[in-house]
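Undergrad: The residues making up each chain are set out below.
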Amino acid sequence: MSETTVAPKTPTLPEEWREPLIWLAILCTLIALFVPLAFLAGDDGVAKPLRTPAGLCVILIAGAVASVRFKGWFGDILLFLSAHVTAGILLFMLPAYTGAAGWGFWLLLAGSWLLAWQVVTRLSDRRLNGYKQTLLDLAIPILFGLWLLLLWEMIVVGAGVPYVLLPPPSQIGARIAESLPLLWADFQQTFLLGVLPGYIIGCGAGFIVAVLVDKVPFLQRGLLPVGNMASALPIIGVAPIMVMWFGFGPSSKIAVVVIMIFFPMLVNTVAGFAAAGNMEKDLMRTYAASYGQTLSKLRLPNAMPFIFNALKINSTLALIGAIVAEFFGSPTVGMGFRISTEFGRLNTDLVWATIAVAALAGSTFYGLIALVERRITFWHPSARG
Amino acid sequence: MNEPSLKEPDVSEKSVIQIDDLSLIFETNDGPVHALSDIDLSIAEGEFVSLIGPSGCGKTTLLRVIADLERATAGSITVNGVSPEQARLNRAYGYVFQAAALYPWRTIDRNIALPLEIMGLSKEEQNSRIAKNLDLVNLTGFEKKFPWQLSGGMQQRASIARALAVEPDLLLMDEPFGALDEIVRDHLNEQLLKLWEKTNKTVVFVTHSIPEAVFLSTKIVVMSPRPGRVHDVIDCNLPRERTLDVRETPQFLEIAHRVREGLRAGHSYDD
Amino acid sequence: MTTDAMASPVSKSRKGLMSRALSGTVLPVIVVVLGIIAIWYVAAISMNSTFQRSLDARAEATPSTVEFVVSTLNQERPVLPSPHQVAENLWDTVFNKKITSKRSLVYHAGVTLAPTLLGFLMGTGLGILLATIIVHVLSMEKSLMPWIITSQTIPILAIAPMVILVLDAVGIRGLLPKALISMYLSFFPVTVGMVKGLRSPDKMHLDLLRTYNSSTWQTFWKLRWPSSLPYLFTSMKVAIAISLIGAIVGELPTGAVAGLGARLLSGSYYGQTVLIWSALLMAAFCAAMLVALVGLAENWMRRRMGEKAEAGS
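Chain order of the listed sequences is Y, S and F. Under the working numbering, the residues of the first sequence are numbered 2 to 386, in order. Under the working numbering, the residues of the second sequence are numbered 2 to 272, in order. Under the working numbering, the residues of the third sequence are numbered -7 to 305, in order.
Keep in mind the hints are simulated off the structure, nothing from the lab. Beta carbons: idealized from backbone N, C-alpha and C, even for Gly. Keep in mind that the hints are not guaranteed to be accurate.
Selected chain S positions facing chain Y (Cβ under 7 Å, derived; list incomplete) [what the hints assert, rightly or not]:
| hint | residue |
| --- | --- |
| 1 | A68 |
| 2 | R89 |
| 3 | L90 |
| 4 | Y96 |
| 5 | A102 |
| 6 | P105 |
| 7 | G142 |
| 8 | F143 |
| 9 | L151 |
| 10 | F253 |
| 11 | L254 |
Pulled out of the complex, with its shape left as it was, chain Y reads as follows (with noise of 0.2 Å):
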């Protein structure tokens, strides 16, 4: 990237000290030292502070000195396993800190996080060949995701959140691993009988109106003003006029998203059939080809990124589309359903596995449509990289 290239500073302190990060991980851990780790109810009931071990803030020191003192991949590693080996231990001793982890605990997490930034900011520097480089693009975002559950697991338990809040991932996970049959119910009511059939019939029904207006040049410049306006409609809230017309089942949500994703299609694939150029066009005429061979060689494929686009688009549509769709009425199985009812009975950690199905579910089904644009547009110059 040209990032790295732009206004060189003038050099204040030399290479190896500029690291702000690690000092400050330095700096939590030795102030860490002198606080307590958590409190611990005593025998008599009383609340005692625990010191900080003293064993955790030294493999912690030692990681960032060595990151100072070694640039290359053997830093790299030191620095990754004192800061992954300090979060692990206060991984390991969370459960006997629920809800009273203290300043040292927090510090230590903080250290141990910084340090794990450091390797990130590292690796991103890395520039490697070929597949390597692949890997590590993908290692870089996991190790931040990680970091976010991480994070989020040790604050919800360290801080005694209550769980009807925020459930921490590893009691989410749980209730995935419980109540696999429920949730698959659900996904199979929602995602195989609302959203696959409506996503099919939208997107069909917008590219073939998108065919049928492209003779009518009169009629694409009135639609396509419309359609771009209906873009930006709140049409989501057809929702409860759908499920008062076709009723509780899957009718009702397949109807939403029909009509949530049809006009992005029809817009996307008339802009698309427009996006030919002059020159191919004219190349076409000289060949004295028909309309139909025009179509079906130069203007569809040449549409294809923008039909790809609203395909993308309307994944995500659609999903939203069903789901809300549920919170109108749906029979007593369906994500949106337990979503609601659920939540109204405090089972959060319930509401929080069906949202990450619908997560998975969602960028799934993007990903493999972004999959299939990559076979099908490979000659954009947006997919050539």
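Since chain Y is already given, all that's left is putting chains S and F on it; use the hints.
TA: For chains S and F alone, kept in the frame of chain Y given last:
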């Protein structure tokens, strides 16, 4: 679009393109623009004719009128003895654009197959024509590459192969090498000349480069702008077999000088 | 090339008013909108006819076709209210009620618009901030950007009600929770758009500033920020529309009594279809106004930056 009333074309046996009193007026928001005014031009079979002139002289427009991409508003024009529209429907010509205009989702061989698919030729016929024309432009071995994997010069060669695959007697080229650098352009000029000799086609070639026009042509049409018209027609009787060295000969320089004079004169009462 | 300019289609020529109206967008849009209204009427007649027939049967009336059609279009609680019924209700609740009255649709729209705008402003600010950090800090880009993109694929709107309820339980009520939802929804498009925008200056422009030895900060204000503005406005149009949707959906679960979402909900509880449709149209009107407002700001910005403003195309 209102059809211009074309006069009865006077068909001459040998001429491939016959243009009489041809005018084209574009209606724009700033009033009418006389893109072409009273053009008379006759191009015989096997000729290599260059249209040269400054920007806005209508040379590309004239080529587009021949290709039926633009319609004349007055005068008559025939291509192969018929109207340009009929000639286009007969697939009488191959057209090479300023850019290669290859479809990025098709490999080179599929790009060349494009007009053949549209004409509805059989698979075998398509394949044999692809192989033959790729060979003509020295691109054998690049069949399975995508256009964006090739250099600009190779892309333009592929687009010439695509135009040739139609097997037309007439080749219309609109500044085909304009976007390429000088060295590649010289090389392609030589190749084009060889190709022209081998296939004996009629070529109409738009350019704004004097050396290119003189080097390639048997006839140079010097055009001038506002209104776009033919200023001079120069016969260019250099030997048919020529190499780039011909550009150093006095004969070449003399013709080039005449073309330059013509361009200058055409410009003088404009600016 | 002049030749290209000359090759412009004939349709741009000076022609009569009629043909100019045909080639513009105003007339086609009017035709399409009229078409939609016509389809609406037909649908209203056909969808309400079943109930009307049973009504007539009960009243033992034998209406003529015209009478029948008229009565399908004027039912008390139609399956699909006719456009004029909705228009009447809109007129009544917008103009004939005091703005402070709970029966005024303007009041409800205001209740929804306040969190929409607040959330939109917060979301845009957050988005710009995040994009700036992402563009300047490589490790942030590598670790955060994939998640931001992935999170776009998650049905965030579906958990909006939950967020409201959780915040309610913590004691945060009123404007802020809905605004937070709007913010959450609107910061994504702004972040992604701004990352693109701040990256949009080409290498040559960046290199030019490098030859001036300009600082990162100077490069940002003199080059990156101005060149990102078109992207900012494009994504702000998306953001403000989605902000409104967020605020409306945010009203659904709390049993809110005020706001367009609350109107939708109460309409669906009591089978007041006319109420739902007029709330829907009001929401659509608000969305159009909000997007148009951002568009106006965009045109103003373009003029200030010396570009030709896009003429209402």
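Undergrad: Give a verdict on every hint.
TA: So, going through the hints one by one against the coordinates:
1. A68: With a closest approach of 6 Å, the S/A68 hint holds.
2. R89: Status holds, d = 5 Å.
3. L90: Check passed: Cβ of S/L90 comes within 5 Å of chain Y, closer than 7 Å.
4. Y96: holds, 4 Å
5. A102: holds, 5 Å
6. P105: holds, 4 Å
7. G142: violated, 20 Å
8. F143: violated, 16 Å
9. L151: At 13 Å from the nearest chain Y Cβ, S/L151 fails the 7 Å test, so the hint is violated.
10. F253: violated, 33 Å
11. L254: violated, 35 Å
The structure fails hints 7, 8, 9, 10, 11 (numbered hints given earlier, in ascending order).
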